[in-house]
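There are 2 protein chains.
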Amino acid sequence: MKSIFFFITILFATVVHAQQNFTQDSIIIKRMVDDVMKSKAAYENLRVLCKKIGPRLSGSLGAEKAITAGLNMLKAAGADTVYLQPCMVPHWVRGAKEVGYVIVGGQKMNLQLTSLGNSEGTKGKLINAPIVEVTNIDELATKNIKGAIVFINIAMNPTYIRTFKAYGESGVGRRSGPSIAAKYGAIAVMVRSLASNEDGHPHTGTTVYNDSFSKIPALAISTNDAERLHKSLLTGKPVIGYLKNNCTMLGMVKSYNVIGELRGSTYPEQIITVGGHLDSWDLAEGAQDDGTGIVQSIEVIRVLKATGMQPKRTVRAVLFMNEENGGGGAKAYLQQAKLLKEQHVFALESDAGGFTPRGFNLDMPSTKKATIQQWAPFFYNYGVYDFKETGSGSDIGPLKEIGTALAGLGTDSQRYFDLHHAETDVFESVSKRELDLGAANMAALIWLVSEYGL
Amino acid sequence: MKSIFFFITILFATVVHAQQNFTQDSIIIKRMVDDVMKSKAAYENLRVLCKKIGPRLSGSLGAEKAITAGLNMLKAAGADTVYLQPCMVPHWVRGAKEVGYVIVGGQKMNLQLTSLGNSEGTKGKLINAPIVEVTNIDELATKNIKGAIVFINIAMNPTYIRTFKAYGESGVGRRSGPSIAAKYGAIAVMVRSLASNEDGHPHTGTTVYNDSFSKIPALAISTNDAERLHKSLLTGKPVIGYLKNNCTMLGMVKSYNVIGELRGSTYPEQIITVGGHLDSWDLAEGAQDDGTGIVQSIEVIRVLKATGMQPKRTVRAVLFMNEENGGGGAKAYLQQAKLLKEQHVFALESDAGGFTPRGFNLDMPSTKKATIQQWAPFFYNYGVYDFKETGSGSDIGPLKEIGTALAGLGTDSQRYFDLHHAETDVFESVSKRELDLGAANMAALIWLVSEYGL
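These protein sequence lines map, in sequence, to chains A and B. One point on numbering: in UniProt numbering, the residue at position 401 of the first sequence is 401, and numbering is uninterrupted. One point on numbering: in UniProt numbering, the residue at position 306 of the second sequence is 306, and numbering is uninterrupted.
In isolation and in its complexed conformation, chain A is listed as follows (with noise of 0.2 Å):
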């Protein structure tokens, strides 16, 4: 019976002392947010990268002037050690502007369009051929296309509601197309827009050549063109498609992730990562992608520092270089940890938009997944209730070979591939709060884990 009675007492103490813990961290992560949704840090900085700097292609002027600027940002936030670490990124470029339209029945109809990145170029010739239309990948081995231009025209679904599942199951046209037509004798690409709307706008983003095959141009059309050249092409009539573009590959050249750290206090060898990608795609400012991850993870910083609020594992912002189009910066993150042996315990991206967080998405062991989904009641109030989706983000990806744990913040993702790697991804479609809103939420979860570990 008195074993019983001790037994309840102590459950009682844990119970309560649970209790009082969680109202203690909730006040915490009140005052962090607060503080966020009250300061204009992190918006004004984004003002900085989208139109002072601009876009931010690796190798760039523009990713060399984010460098500098990022890294007093992350000084400005209050971060102790701020610092550069090496990486190489390969430096394309694309030339003047593309010039593309096509011939249907004498009639000419002008194209918007825009090289995808690390695609080769017609070195400055206008080239032609037949158009031969494909709505999936598999037509490409099964359709005559030798010496056409090939019009990859896969639609993102709009039934998915996370419109990320459009993308990844579209975009196999955009990533792999390009190799496959060449393998099948096509002379170039045009592939539609990865966007989630119909306008004028093309939308770039990488195509990987298979070393196997030429490298032909890639190029992609807007949403309307595509839905413009698919009815043309319905009618039967032959449509000649015209193609210039000037881009080329550079080379690699050297470039560098940009870090900024508070030392933890208690377990400084434990390392968590907060990051988003430095650079950006050349047609606009990279706002939403990622100059919002960006902005957050120095949110991060500049709000543990300002609340007072030192971690006892060491935070470290890492704003990386060359997700668009190689994963420089997040090869060298992972080399640099290996070399140095560094404990990274923990690793959070933002590149999903600075839209309105929904949730973590989490990529991890069960038991530490449960650890995080545990403390799902913080968020509640934030409007963050999702950590059941698996996923982090392409920077931090390949830290799983060390054995981090790895998230990414979900976004609410209806608007992003409007204006994703299109010319509309700019500052003025973030909006404050929002953005905010992910940064907070985000430095909550940073804390939580700098405070328990997993």
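Any given hint could turn out to be false.
Since the list gives no way to pick out one identical chain from another, each pair is judged satisfied if it fits inside one copy or across any two copies.
To be verified - Subject to a maximum C-alpha distance of 27 Å in a straight line, what follows is the list of computed DSS-like cross-link-like pairs (lysine-lysine):
1) Lys338 with Lys400
2) Lys38 with Lys165
3) Lys231 with Lys40
4) Lys338 with Lys254
5) Lys331 with Lys341
6) Lys312 with Lys368
7) Lys165 with Lys40
8) Lys30 with Lys388
9) Lys368 with Lys400
10) Lys312 with Lys341
11) Lys331 with Lys369
12) Lys388 with Lys165
13) Lys30 with Lys165
14) Lys38 with Lys231
For the record, the hints were derived by calculation from the structure and aren't laboratory data. For clarity, every value in this text was computed on a predicted model and none was experimentally measured.
Fit chain B to the supplied structure of chain A, relying on the hints for placement.
Relative to chain A, chain B alone:
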């Protein structure tokens, strides 16, 4: 023993049956959601409301055109009965563009400002008086404001994650401030726009005069101007305000609610209302407020018809007139319901912008609430998970008097008050996917109620 066995069998059969129903209903809901997400109907209807018609203030030509357009849209959606319901609405006109500035130490500072809805004007006269600032409503009584132009500077609280809460709290200045200021002798009022961002656009909205006091001119200034004016006043220099506005209340005129029905197959006498409001402020296109609610309500009719889901109960889409400055449509709808002794079992309003849906706010007895809450799993796949908030909408609110269970679409509210009642509330601010996702979830809830009742 036998009876236990029997009980288990029954229980098992019940569970299996419930599971089968859930699966079947999920399939029906998915079919409706897919149809909405693929359709362009709601988005194109919104384009017409915003771009072909534009502002639709009660009593205006725009409102008249919108009534005709609404009728046509409901017919095109497949409603089996479409009709107009008369109501009385105030006819308030803004007149020529307002003029406003302040003189601070001899320097002129122009103000971006707009008359509040239903406000009296200065009748074309440029009035002037010293500016006195108050930062909460109680200061109207404690500060000396006699003969002054009062600047009511109550910012929306950025730390409230639900922006409607901040709007409600800070909105007291706009709604009640002018009459309280008049009580203490002020000659006019300038309120800080109820906006969640800082920019140069003033936000209008209704002010409610108390007939016991004189009706003094009431205007809103942009948040940027509010910040500048606040700083000017901090210098201690005298600040003289100058105002001219030309608005006037012309009295009550006849207008209409627009109604389209799908007659219930089994319980036609049981009416389910789904609606938004057709009128909008005169400054912009009324896209998010509340063009989106209108086209979503029409979309509910369209998708039920398009997918062959004849409702068991009567589903009625109501495009309410005069939500913004009087509620004439809402009053007429209740009055008619009482006159005809209609049985209104459920009403759902969408008037929180066409942003990503997050939940349904519920205002009904707990047993009915529990019925809807048990349907929550149908909605998780479509991003809607929150069934705990209370509320509905201004247009359906009066139906509470006759015992109707009320609900409101809860949306992601972070961006709403950036554009609410300002000239930035235009078609381009609406995401097709967010709009459609709201309509799809509304259709699912309306269908469930039509099928099972509450």
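Hint by hint, here is what the structure shows:
Taking the shortest alpha-carbon separations for Lys338 and Lys400, only the intra-copy value of 12 Å comes in at or below 27 Å, while the best inter-copy value is 66 Å. Proximity of Lys38 to Lys165 under the C-alpha cut-off of 27 Å is restricted to the inter-copy arrangement: shortest distance 16 Å between copies versus 34 Å within a copy. Taking the closest pair of Cα atoms, Lys231 and Lys40 come within 27 Å of each other only across two copies (18 Å); inside a single copy the shortest separation is 48 Å, beyond that limit. In this assembly of identical chains, Lys338 and Lys254 lie within 27 Å of each other by CA distance solely inside one copy; the values are 20 Å within and 77 Å between copies.
In this assembly of identical chains, Lys331 and Lys341 lie within 27 Å of each other by CA distance solely inside one copy; the values are 15 Å within and 72 Å between copies. Taking identical chains as interchangeable, the C-alpha atoms of Lys312 and Lys368 lie at most 27 Å apart only when both belong to the same chain, with a minimum of 18 Å there against 48 Å between chains. Proximity of Lys165 and Lys40 under a CA criterion of 27 Å is satisfied inter-copy only: 21 Å between copies versus 33 Å inside one chain copy. Proximity of Lys30 to Lys388 under the C-alpha cut-off of 27 Å is found in both arrangements, the shortest distances being 24 Å within a copy and 21 Å between copies.
For a Cα distance limit of 27 Å, the shortest separation of Lys368 from Lys400 inside one copy, 14 Å, qualifies, whereas the shortest one across copies, 48 Å, does not. Proximity of Lys312 to Lys341 under the C-alpha cut-off of 27 Å is restricted to the intra-copy arrangement: shortest distance 20 Å within a copy versus 67 Å between copies. Taking identical chains as interchangeable, the C-alpha atoms of Lys331 and Lys369 lie at most 27 Å apart only when both belong to the same chain, with a minimum of 25 Å there against 53 Å between chains. Within a single copy, Lys388 and Lys165 get their C-alpha atoms as close as 15 Å, which meets the 27 Å cut-off; across copies the closest is 29 Å, which misses it.
For the homomeric pair Lys30 and Lys165, the shortest alpha-carbon distance between copies (17 Å) is at most 27 Å, but the shortest distance inside one copy (33 Å) is not. Within a single copy, Lys38 and Lys231 get their C-alpha atoms only as close as 51 Å, which misses the 27 Å cut-off; across copies the closest is 18 Å, which meets it.
Comparing the model with each numbered hint stated earlier shows that all of them hold.
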